[in-house]
Amino acid sequence: MNLNEFLKLIEEGENQRVEFKPKITSEAAKDAVAFLNTRKGFLLFGISDDGKIIGLKPGTNWKKEIEEKIIQPIYPKPKFVMQPFRIQDKLIVALTLQPNGKIYSYKNVAYVRIGSLSLPLTIDEVITRAAESILIRFDSVPNPDASVKDLSIKKIEEFLRTKSKRRGGPLLKPTKSAMQKLKIIHDESPTNGGLLFFGKNPQKFFPYAKIRLEFFPSTELENPTAKFELEGDLKEQVDRAYKILTDEIPRESYLPEGALQRIERPIFPIPPLREAILNAVIHRNYFIPVEINIFVFKDRIEIRNPGRFPPGTSPEKPIHIPRNPLLASLFYDIGYVERYGIGIELMKKYCAENNYPEPEFIMDEVYTTVIFRRLPPKIKVRELSEEEIKILSLLTKPRSSTELARSIGVSKMTVLRILKKLIKKDLIKKTGSGRRTAYVTKS
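Position 183 (the sequence shown) corresponds to 183 in our numbering; numbering is contiguous.
Each hint should be verified, as a subset may be incorrect.
[Claimed, not checked] Below are the SDA-like pairs computed for lysine to any residue, each with C-alpha atoms no more than 20 Å apart in a straight line: (1) 23 x 62; (2) 79 x 89; (3) 243 x 183; (4) 163 x 153; (5) 200 x 148; (6) 424 x 409; (7) 21 x 76.
Simulated from the structure, these hints should not be mistaken for lab results.
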């Protein structure tokens, strides 16, 4: 951080990422922990609460004091950066703290940053954050309230037959040894993953472990035309959701250029939807007691999955870091997942090859939402060139000609020529002017 960046922080005042401290005290460790558990933050020592530069006392051994009073009491030991600055001949020190997916505490209490306050986490919040950071594996934890009698031997037998057929190896019987090897029981208790996958009644133990599927006639979350509450084990939920979507999603008929026969296709991409539902039940955070939501709108489908991407992975960098490795392994064994860590890439590839808009990913404090958009219903695919279809699929949200050129790998002049044609066909509209000019499909 340079001096200009430092001065800008002071100008911002205290907020979600900046805290002023007139001197170095052990109480600042709470704020340091809050930044480490929330987002990158800065403790600025030598500045009063109202933002006045007062400086640290001359002769202050600021390195030693920050280490002893703030860093050492934090568990686990964090990474940090200390930087001194001279302003108006006064010493100011900036302590920069960066989260890394771990949960930090001061005197056995974890804190988070909310606005300009550092507040303690409850036990439930600590557990939820531990699951988000993959410090706790929900599916591997034995459930003390359940017994082996709560597992369906018939489901386990069917699983073992399918696993042997799909992945090779001997056909095992559902013995205690086999169930322990599969990690669906631990000692005498079923694991949470075992109950979710093989339970006779998983909702007895996890009433929120279900899928709520709703259809809406417009683009708004109101007046649903159909509602489905999908319960049972996870495989049953995925199968039912997939069947309902396959049966209920309308299909469009069109004649490809040069073809003699019309073909049909769903208005939404069915295989990527199945992949997204699988991702939701496998990778959701089961410590968050809410169900998975699938909302089918006129122009899009949203799959809302409790939990965020694990630290170190993202939609752009979908590394295989499963939150629930047991569930991932069980779905792999029966062929529902062919390779680990490629689900998102498969979704994007299918959409690109079949001229559907690329799926979008949105994350908030509770949900990861995957959005699948359809091409506007007025579009006749046979009337459009391949480049026009590609551009149209990207314009479900406003984009500039420069962005479009970069996305499809053609010159800006070519993109402008195509955009002009699409405007003439009344399929898109132009918004803004000058550098803010953008293009988007007509609703």
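Structure-based check of all given hints:
1. 23 x 62: holds, 10 Å
2. 79 x 89: Violated. Residue 79 to residue 89 sits at ~29 Å, over the 20 Å cutoff.
3. 243 x 183: Violated, because 30 Å separates the two Cα atoms, which is more than 20 Å.
4. 163 x 153: holds, 15 Å
5. 200 x 148: holds, 10 Å
6. 424 x 409: Violated, at about 23 Å.
7. 21 x 76: violated, 23 Å
Of the hints listed earlier, those the structure fails to meet are numbers 2, 3, 6, 7, in rising order.
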